[in-house]
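Colleague: Chains as they are written, first to last, in full-length UniProt numbering: chain A, 1 to 239; chain B, 1 to 239.
For the record, the hints were derived by calculation from the structure and aren't laboratory data. Keep in mind that the hints are not guaranteed to be accurate.
[Stated by the list, open to error] Just the calculated beta-carbon pair ranges, DEER-fashion: (1) Ser50(A) - Ala11(B): 50 to 58 Å; (2) Leu95(B) - Ala11(A): 23 to 31 Å; (3) Lys238(A) - Lys213(B): 27 to 35 Å; (4) Asp141(B) - Lys134(A): 53 to 61 Å; (5) Asp197(B) - Ser73(A): 57 to 65 Å; (6) Glu42(A) - Ala11(B): 40 to 48 Å; (7) Thr234(A) - Glu40(B): 46 to 54 Å; (8) Lys201(A) - Asp197(B): 19 to 27 Å; (9) Asp143(B) - Arg228(A): 25 to 33 Å; (10) Glu40(B) - Lys127(A): 48 to 56 Å; (11) Arg27(B) - Leu14(A): 51 to 59 Å; (12) Cys166(B) - Ser50(A): 46 to 54 Å.
[Unchecked claim] Taking beta-carbon pairs under 8 Å as the criterion, some of the chain B residues facing chain A (in silico): (13) Leu32; (14) Arg64; (15) Val108; (16) Glu115; (17) Ile171; (18) Ile172; (19) Ile200; (20) Lys201.
The C-beta atom is built at its ideal place from N, Cα and C for all residues, glycine as well.
2 protein chains.
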Amino acid sequence: MDEIFGKIGSAQTLSQKIERRIEEAIRQKKLLVGAKLPSERELCEMFAVSRTALREALRRLSARGLIEIKKGSGMYVSELKIKDAIDSLNLYYDLSFDSNLIPQIIEVRRVFEPEIARMAANNRRDKDLDLLLKNISDLEDCDPDNTQMEADIINKFHLNVAKASCNPIVIITMEPIYSLLPRMRNLIYANVDGEKDFTIKAHRTIYEAIRDKDADKAFEAMVGQINRTLEIYTQYLKK
Amino acid sequence: MDEIFGKIGSAQTLSQKIERRIEEAIRQKKLLVGAKLPSERELCEMFAVSRTALREALRRLSARGLIEIKKGSGMYVSELKIKDAIDSLNLYYDLSFDSNLIPQIIEVRRVFEPEIARMAANNRRDKDLDLLLKNISDLEDCDPDNTQMEADIINKFHLNVAKASCNPIVIITMEPIYSLLPRMRNLIYANVDGEKDFTIKAHRTIYEAIRDKDADKAFEAMVGQINRTLEIYTQYLKK
DNA sequence: ATATATGTTTTGGTATGATCAGTTTAAAGA
DNA sequence: TCTTTAAACTGATCATACCAAAACATATAT
C-alpha cells in the first residue's frame, strides 16, 4: 500500500487550474459570448484563491483571446476572432519562416483554389460579385510601383472568391493560408514585368465565370492563375 | 499650446508594455530560443516595475507559447511549436462550431480530401504507411459497441493521410477540421449498421493506393469514402 | 422635467513584503 | 571520489494597501 504517500501536489500550477476551469466553462457554453464574469474579488471567494493566482489565470485567458478585460467595467467572455488564431500562426512563421514552405503553399493553393472557385460559381450571391469587381478595379488603379498594395489586393480577390463560396468552413480554412501570402509577395510577385496585366486578365476571367455560374470555367481559370504563380516562382528560383 | 495638458497615461496597461518589449526582443532574435531570461527579481529591477506587473506579462507570454516557465529553475525562450498555432485554430473552430455547419464540413472534405489523398500517394514515406496500417487494424480490433473510439480511429486515419502528404500547410489546414469530427460522430456514424465493414474496406483501398503510389486510385477511393459519409448524413437528416 | 455637474462606488491595475515549494548548486561527510 | 545534506535561488501563492478608469447615483442648474 504505497499509495498512502501518493502525490498530493499536482504538476499543474494553481493558476493553470483556474484557467482550465474557466476555459472549459467557455468551451461548454456555460459561459456565453458577451457574458460578464463575476468581479475579481468575487471570483477569488468562489475559487477560494488569492487575487494573484486568479489574476494570472485571467491574464492568460485574455492573452489567448478568450476573455476581454475592461478596466473599471469588468471581464467579459469575448468572441474568439479568427484573427487571434492567425496571429498565433503568423508569430510562428515569423520565428521559424522557412522558404521551403513557399512551394508547399502554392501546391495547396493549386489543389484547393480551383475547387473553391467552382463552389463560388455555384453559390455566389450578387453582392459577392460587387466585391470581386471592386478588387479588380482597385488593382487596375493601383500605383504600379506599390507592389505591396498590389499583392494585398490580389490576396483580397482570392479571399473574396473563397467568401463567394458561401461556405464558412472554406473561409476559415483558407484565411490562415492567405495570411501567409504577404510574406511571399516581395519574394516573387514584384520581380516580373507585365505580370500585373496578366493577373488582371485572369481575375477578370475568373470573375466572369463566377458571375455566369459557369463552374467548370471558373475551375479552369483558377487553375491557370495558380499555375502562373507556380511558373513565376520556378523562374525566380533559377536566379 | 494645448499640448501642455496632453495625455500622460497611456491606453496600454503597464504589463502589456512589458509583454511587448519582451515579445519584440524575441521576434528580433535578440533573445534566442533556449535563452534563459533573467530571474523575476532581476527583471523587476531592470524594468523598474513591481513583480505583479512583470509576472502578469510573463504569464501572457507563456500562455502564447513564447516562453516556458520552469518553477525553481527559470524562464526560457521557447521554440514556438506549430502545435501552439494549431491549438489556437482548434479552439476557434471549437467555439464557432454549429451543427448547421455539418453539411458544409462534409462539402469541404469532399472537395479537399481526395486531392490530399493524391498528394499522399505521391509523397508518402514508408513510416506513413505504418501509421495508416495501424489505424486500420485498430479499427478492426475495436469493440463494435464503442462507437466513440471507432470514430476517433477513423478520424486519425484521415489525419494520417493528410500527414502522409508531407505538406505541413495541408496539416495546418485540415487538423482543425478533423478536430471537429468527433462532435459529429454520434450524430451520424453510430446510426448505421454494417458501416464499419464498409469503412474498413474503403480505408484498405485508400491505403493500398497510397502504398502503391497510385495517385488517381487514391483520389477515387477517397471520393467514394466521403460520398458515403454524405449519403449517411443525408439519410440521417430524413429521420 | 431635463440636462449637466459632482461625488461615491465598483472594477481592474500596480506596488510591497512575506511565505511556500520545487531546482540547482555547493558544501560536508563517508 | 562519490553520496548525502544543506543552503541558495527560482518561481508560486498569499495578504494588504493603494491607484486609476468606468459606472452609477445624487444633486444642482437650466
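Colleague: Hints first: check each against the structure and report whether it holds.
Modeller: Cross-check of the supplied hints:
{"no.": "1", "hint": "Ser50(A) - Ala11(B): 50 to 58 Å", "result": "violated, 28 Å"}
{"no.": "2", "hint": "Leu95(B) - Ala11(A): 23 to 31 Å", "result": "holds, 27 Å"}
{"no.": "3", "hint": "Lys238(A) - Lys213(B): 27 to 35 Å", "result": "holds, 28 Å"}
{"no.": "4", "hint": "Asp141(B) - Lys134(A): 53 to 61 Å", "result": "holds, 56 Å"}
{"no.": "5", "hint": "Asp197(B) - Ser73(A): 57 to 65 Å", "result": "holds, 58 Å"}
{"no.": "6", "hint": "Glu42(A) - Ala11(B): 40 to 48 Å", "result": "violated, 26 Å"}
{"no.": "7", "hint": "Thr234(A) - Glu40(B): 46 to 54 Å", "result": "holds, 51 Å"}
{"no.": "8", "hint": "Lys201(A) - Asp197(B): 19 to 27 Å", "result": "violated, 52 Å"}
{"no.": "9", "hint": "Asp143(B) - Arg228(A): 25 to 33 Å", "result": "violated, 52 Å"}
{"no.": "10", "hint": "Glu40(B) - Lys127(A): 48 to 56 Å", "result": "holds, 54 Å"}
{"no.": "11", "hint": "Arg27(B) - Leu14(A): 51 to 59 Å", "result": "violated, 30 Å"}
{"no.": "12", "hint": "Cys166(B) - Ser50(A): 46 to 54 Å", "result": "holds, 49 Å"}
{"no.": "13", "hint": "Leu32", "result": "violated, 10 Å"}
{"no.": "14", "hint": "Arg64", "result": "holds, 6 Å"}
{"no.": "15", "hint": "Val108", "result": "holds, 5 Å"}
{"no.": "16", "hint": "Glu115", "result": "holds, 4 Å"}
{"no.": "17", "hint": "Ile171", "result": "violated, 10 Å"}
{"no.": "18", "hint": "Ile172", "result": "holds, 7 Å"}
{"no.": "19", "hint": "Ile200", "result": "violated, 27 Å"}
{"no.": "20", "hint": "Lys201", "result": "violated, 26 Å"}
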